[in-house]
Amino acid sequence: MPDSLIHQIKVVNRQLSFSCSEDQALLMGMERCNAGAINVGCRGGGCGVCKIRILSGEYEVKRMSQVHCSADQLQQGFALACRVFPRSDLEIESDHCDAVLIPGDKPAEQNE
Amino acid sequence: MRNGVMRPGHVQIRVLDMEEALEHYRDLMGLIEVERDNQGRVYLKAWTEVDKFSVVLREADKPGMDHMAFKVLNNEVLEQLEAELVAYGCEVEQIPEGELSGCGRRVRFVAPTGHNFDLFAEKEQTGKWGISSVNPEAWPRGLKGMKASRFDHCLLYGPNIEETYVLFRDVLGFELAEQVVDPEGGRVAVFLTVGMKAHDVAFIDCPEPNKFHHASFFLETWEAVLRAADLISMTNTSIDIGPTRHGLTHGQTIYFFDPSGNRNEVFCGGDYHYPDHEPITWKAEDLGKAIFYHDRVLNERFLSVLT
Numbered sequence: 001m002p003d004s005l006i007h008q009i010k011v012v013n014r015q016l017s018f019s020c021s022e023d024q025a026l027l028m029g030m031e032r033c034n035a036g037a038i039n040v041g042c043r044g045g046g047c048g049v050c051k052i053r054i055l056s057g058e059y060e061v062k063r064m065s066q067v068h069c070s071a072d073q074l075q076q077g078f079a080l081a082c083r084v085f086p087r088s089d090l091e092i093e094s095d096h097c098d099a100v101l102i103p104g105d106k107p108a109e110q111n112e
Numbered sequence: 001m002r003n004g005v006m007r008p009g010h011v012q013i014r015v016l017d018m019e020e021a022l023e024h025y026r027d028l029m030g031l032i033e034v035e036r037d038n039q040g041r042v043y044l045k046a047w048t049e050v051d052k053f054s055v056v057l058r059e060a061d062k063p064g065m066d067h068m069a070f071k072v073l074n075n076e077v078l079e080q081l082e083a084e085l086v087a088y089g090c091e092v093e094q095i096p097e098g099e100l101s102g103c104g105r106r107v108r109f110v111a112p113t114g115h116n117f118d119l120f121a122e123k124e125q126t127g128k129w130g131i132s133s134v135n136p137e138a139w140p141r142g143l144k145g146m147k148a149s150r151f152d153h154c155l156l157y158g159p160n161i162e163e164t165y166v167l168f169r170d171v172l173g174f175e176l177a178e179q180v181v182d183p184e185g186g187r188v189a190v191f192l193t194v195g196m197k198a199h200d201v202a203f204i205d206c207p208e209p210n211k212f213h214h215a216s217f218f219l220e221t222w223e224a225v226l227r228a229a230d231l232i233s234m235t236n237t238s239i240d241i242g243p244t245r246h247g248l249t250h251g252q253t254i255y256f257f258d259p260s261g262n263r264n265e266v267f268c269g270g271d272y273h274y275p276d277h278e279p280i281t282w283k284a285e286d287l288g289k290a291i292f293y294h295d296r297v298l299n300e301r302f303l304s305v306l307t
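Protein sequences appear in the order of chains A and B. Counting with the UniProt record's numbering, you get residues 1 to 112 for the letters of the first sequence. Counting with the UniProt record's numbering, you get residues 1 to 307 for the letters of the second sequence.
It should be emphasised that the hints constitute simulated quantities derived from the structure, not laboratory data. Any given hint could turn out to be false.
Stated by the list, open to error - Below, a list of computed lysine to aspartate or glutamate pairs in the DMTMM-like style, where the Cα atoms sit at most 20 Å apart:
(1) 62/B to 23/B
(2) 62/A to 23/B
(3) 62/B to 72/A
(4) 283/B to 295/B
(5) 197/B to 220/B
(6) 62/A to 20/B
(7) 10/A to 23/A
(8) 10/A to 31/A
(9) 197/B to 271/B
(10) 62/B to 98/A
(11) 10/A to 60/A
(12) 10/A to 95/A
(13) 62/A to 17/B
(14) 62/A to 23/A
(15) 62/A to 59/B
(16) 62/A to 19/B
(17) 283/B to 300/B
(18) 62/B to 60/A
(19) 62/A to 61/B
(20) 52/B to 97/B
Given the structure is predicted, the values throughout are model-derived calculations rather than measurements.
Same shape as in the complex, but just chain A (with noise of 0.2 Å):
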């Protein structure tokens, strides 16, 4: 059996780029570059923190929250890391999430 094949993740707003295998979650990958690319949170799909949009590049998702990512953003390119698998090497960008709560704040302001 051949190793799982590797691809390069460029994150282009944190100038940083980590590899992550087709078996793997981009979020999980990052995070065993320990690379600092794309905020950690629940890496279910379910609570939105990791949302990126992908610029460029081949992948396919799994299930993850309506609430985080409609099927419309899903078309735009949007998605929550913790749901990517890569098929190609990818240019992407993190920080879109629109989920922070913290108490007593006002919610965050939608970043689209």
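Use these hints to put chain B onto chain A, whose structure you have.
Only chain B this time, still in chain A's reference frame:
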């Protein structure tokens, strides 16, 4: 003053993928799968519970909590509480007997935090799992994973904490066991109980309504919490924080996430509460120590990662 609400009954949680969720709740946490209904919902229970179920999982495209339910003493109390909720100004919804398999009729209201709460008087009792109620052995063989012993409480985030506290106190008879108070004297967190436990449900102030922070399950010992931590690593389960101790309630704890991003806790220990106890107060300025007693620093995830 207590008003006939007896204890937590169950929580219904939305998951993105049922089979992944079952590997988590059944195989890792050690809940027992009881039934699958014609809507595809899966019912589970922890082994020490006498009720048929305490956790219901429903597959959906957004994780979070559908509702949390409390058991009341009997049907007369259920009718009385329903009338008192209406008189208080709550809209109540009738959920017919059998909507959840084995559960009697439920009375639903929406708390000012935006969460659905159900009250019920009757649920099928199948007894503790794997041991008899006569000359019971110490524990059943064949439990999996963390061997969670019971569903204990939920922590929920939403607005209108004070209004919610007053409703739970004045209508449902909950008592304030612990609170977090800001420098102006406002409550930003309330830990409410209807028994001797430090909390049966807790709320933390948050601008967005109806957010789910975690469902918590009880373990007997600190050793069991450490063993749960080992199992979380063995299964590459998403961890939040711990093992550590809370300042609030003083429970020993670990937080982690199910495969849909819903947070779970397993914990042991914790303080007790009697009706004549004054609430324990933590200062909001010391929230780090209140939540994580050893690190004394809040990780941002605790406040911002919700489903």
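- prompt: residue 62/B and residue 60/A: Cα distance at most 20 Å?
  reply: At roughly 19 Å apart (the allowed maximum being 20 Å), residue 60/A and residue 62/B satisfy the hint.
Restraint check for residue 62/A with residue 19/B, where alpha carbons must lie at most 20 Å apart: holds, 14 Å
query: Keeping to a limit of 20 Å between CA atoms, is the pair of residue 10/A and residue 31/A held or broken?
result: holds, 14 Å
field: Satisfaction of hint between residue 220/B and residue 197/B, Cα-Cα up to 20 Å
entry: holds, 14 Å
message: Does residue 61/B sit within 20 Å of residue 62/A, going by the straight-line distance between their CA atoms?
response: Status holds; Cα separation ~11 Å.
message: Tell me if the straight-line CA distance from residue 62/A to residue 23/B falls inside 20 Å.
response: This hinted pair holds, its Cα atoms lying about 17 Å apart.
task: Decide if the proposed pair is consistent with the structure: residue 62/B and residue 23/B, CA atoms, cutoff 20 Å inclusive.
output: Holds, at roughly 19 Å.
Agreement of residue 62/B and residue 72/A with the hint, judged by alpha carbon distance not exceeding 20 Å: holds, 15 Å
- request: For the pair we were handed, residue 10/A and residue 95/A, check the Cα-Cα distance against 20 Å.
  value: Distance ~14 Å between residue 10/A and residue 95/A Cα, so the pair holds.
- prompt: Quick one, are residue 62/A and residue 23/A close enough, alpha carbons at most 20 Å?
  reply: This hinted pair holds, its Cα atoms lying about 12 Å apart.
- prompt: Given the hint that residue 62/A pairs with residue 59/B, does the C-alpha gap stay at or below 20 Å?
  reply: holds, 14 Å
- prompt: Is the Cα-Cα distance between residue 197/B and residue 271/B 20 Å or less?
  reply: Holds - the C-alpha atoms of residue 271/B and residue 197/B are around 7 Å apart, at most 20 Å.
Every hint, counting from the list given before, is met by this structure.
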